[in-house]
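Visitor: Going down the list, the sequences are from chains A and B. So in our numbering, the last one in the first sequence is 274, and the numbering has no gaps at all. So in our numbering, the last one in the second sequence is 135, and the numbering has no gaps at all.
Keep in mind the hints are simulated off the structure, nothing from the lab. Honestly, I wouldn't trust all of these hints.
[Said to hold, decoys possible] Taking lysine-lysine and the DSBU-like style, the derived pairs with C-alpha atoms no more than 35 Å apart in a straight line are:
id, chain 1, residue 1, chain 2, residue 2
1, A, 66, B, 4
2, A, 146, A, 164
3, A, 14, B, 36
4, A, 125, A, 14
5, B, 71, A, 40
6, B, 36, B, 71
7, B, 62, A, 72
8, A, 26, B, 71
9, A, 26, B, 36
10, A, 164, A, 241
11, A, 66, B, 71
12, B, 47, B, 36
13, B, 27, A, 164
14, A, 66, A, 164
15, B, 71, A, 14
16, B, 27, A, 125
[To be verified] Chain A side only, calculated, beta carbon under 8 Å to chain B, not exhaustive:
id, residue
17, 17
18, 20
19, 34
20, 60
21, 221
Backbone N, C-alpha and C define an ideal beta-carbon position, used for all residues, glycine too.
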Amino acid sequence: MDQRLEALLQTIQKVLPDVDGIIGLKVNAAGHIAPHLFRKEAPAELDGLAIWPKYPTPDTLRLIQKAHPGAKLGMVVRGCEERGVVEMFKHAQVDLSNISLIGLQCTREEAEFCRCAKPYTAHAKLTVGEPIEGVPDPVTEGFLAKTREERLEYWKEQLVRCIKCYGCRNVCPQCFCNVCALEDEKWVGTGWLPMPLPPMYHLVRSMHMTAKCVACRECEEVCPADIPMAIQYRLIAGDVKEMFGYETGVSMDEKPPQLLVLAEGEFERTGLPH
Amino acid sequence: MEYKNVLTTCPFCGTGCGFFLQVLDGKIVGVLPDKKHPVSQGSLCVKGWNAHGFIYHEDRLKSPLIRRNGKLVEASWDEAIELVATRLGEIKAKHGPDSIALLASAKATNEENYLFQKFGRAVIGTNNIDHCARL
Ligand code: SF4
Ligand code: SF4
Ligand code: SF4
Numbered sequence: 001m002d003q004r005l006e007a008l009l010q011t012i013q014k015v016l017p018d019v020d021g022i023i024g025l026k027v028n029a030a031g032h033i034a035p036h037l038f039r040k041e042a043p044a045e046l047d048g049l050a051i052w053p054k055y056p057t058p059d060t061l062r063l064i065q066k067a068h069p070g071a072k073l074g075m076v077v078r079g080c081e082e083r084g085v086v087e088m089f090k091h092a093q094v095d096l097s098n099i100s101l102i103g104l105q106c107t108r109e110e111a112e113f114c115r116c117a118k119p120y121t122a123h124a125k126l127t128v129g130e131p132i133e134g135v136p137d138p139v140t141e142g143f144l145a146k147t148r149e150e151r152l153e154y155w156k157e158q159l160v161r162c163i164k165c166y167g168c169r170n171v172c173p174q175c176f177c178n179v180c181a182l183e184d185e186k187w188v189g190t191g192w193l194p195m196p197l198p199p200m201y202h203l204v205r206s207m208h209m210t211a212k213c214v215a216c217r218e219c220e221e222v223c224p225a226d227i228p229m230a231i232q233y234r235l236i237a238g239d240v241k242e243m244f245g246y247e248t249g250v251s252m253d254e255k256p257p258q259l260l261v262l263a264e265g266e267f268e269r270t271g272l273p274h
Numbered sequence: 001m002e003y004k005n006v007l008t009t010c011p012f013c014g015t016g017c018g019f020f021l022q023v024l025d026g027k028i029v030g031v032l033p034d035k036k037h038p039v040s041q042g043s044l045c046v047k048g049w050n051a052h053g054f055i056y057h058e059d060r061l062k063s064p065l066i067r068r069n070g071k072l073v074e075a076s077w078d079e080a081i082e083l084v085a086t087r088l089g090e091i092k093a094k095h096g097p098d099s100i101a102l103l104a105s106a107k108a109t110n111e112e113n114y115l116f117q118k119f120g121r122a123v124i125g126t127n128n129i130d131h132c133a134r135l
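Working from the sequences, and respecting the hints, build out all of it.
Guide: Structural data, given as structure tokens:
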């Protein structure tokens, strides 16, 4: 067994007696992997404990907590999943007071697959694996090397392939609004493919991910058209850091800028750096 | 408290995308694409993403309906199949097998569609077989 998996199993076995269940990944008989709630009543299920491919587990926590608000749970989190639950907590989507986070540190190979700047956890008290540094994001760098005109062409070429499956929204753990602007005819008309320009679906989603996106790249992974939309979210996250000093997932108590009321004159308009 | 994912095949078209049904306390609460599925590789179209929507829908038919005196009334499968067989038999006897056509479905499996055309050709005796996508 993989060393990290073995260590994770041991940590889970240590935590399990003290909680109602632990959210992790499980492989089924056909070799397919999905999120699962491991419970002490079914210890044999831990034989199927898995770690990759990752899944949007912050949403699993939200689903379970909606039905069982007081449940005492453990949860295996990678860096992005931890950032995910932290931001969801700030937006009142999950309650972390009863949750023990088990931080699973990502490998270089995994981080490269994700083009991840932070493949490690920051809050979990229990951790498994050795944290590594972030890796470069050649896709975003390649985009930044383009001229303005080339960038416009690039997005036109990419977005014309969108089939409006809504997968990027559905899978995103930070997309949890009860009423979604992407289902509002005013912004995104039904019955149009390819999407008319400007691509309101994508512009609206980019705006709504401001100071929210935790860079898990589930949206890109789920996209049947391989659209590298996380480029936009990453660049916007850079702007948010520059303008408001805010980074998702870093602190438990710092409010995201969209939840703050800014005093007049406190911020100056600097112009967008990109 | 129980949460698990059950692997299944999308019921909407013949592509055969794979996804998990998220099951919370015995109730299906959502769809999650299967990243390791050889066909869909972690993606779905808008129909697959909403495939769980009809399961508990109040409009969902749970038994066959037979039109009696102009009104659709619930019936058993045996009754429904009996009626279809009798009526098809009558139509065939009166107008010949080519008065009947069969429209196969993308929602059915390959094997079901094979049986369906076999039924048309070997049992009814017609080559009038087409597919719902060309309706
Ligand atoms: S996005 Fe980063 S933290 Fe998340 S799985 Fe990938 S490498 Fe790990
Ligand atoms: S926008 Fe994409 S990368 Fe950002 S949190 Fe949502 S799914 Fe993850
Ligand atoms: S996942 Fe891809 S194809 Fe689907 S709506 Fe998002 S961008 Fe469009």
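Visitor: Please name the hints from earlier in the document that this structure breaks, with their numbers sorted from lowest to highest.
Guide: Structure breaks hints 5, 6, 7, 8, 11, 15 and 17.
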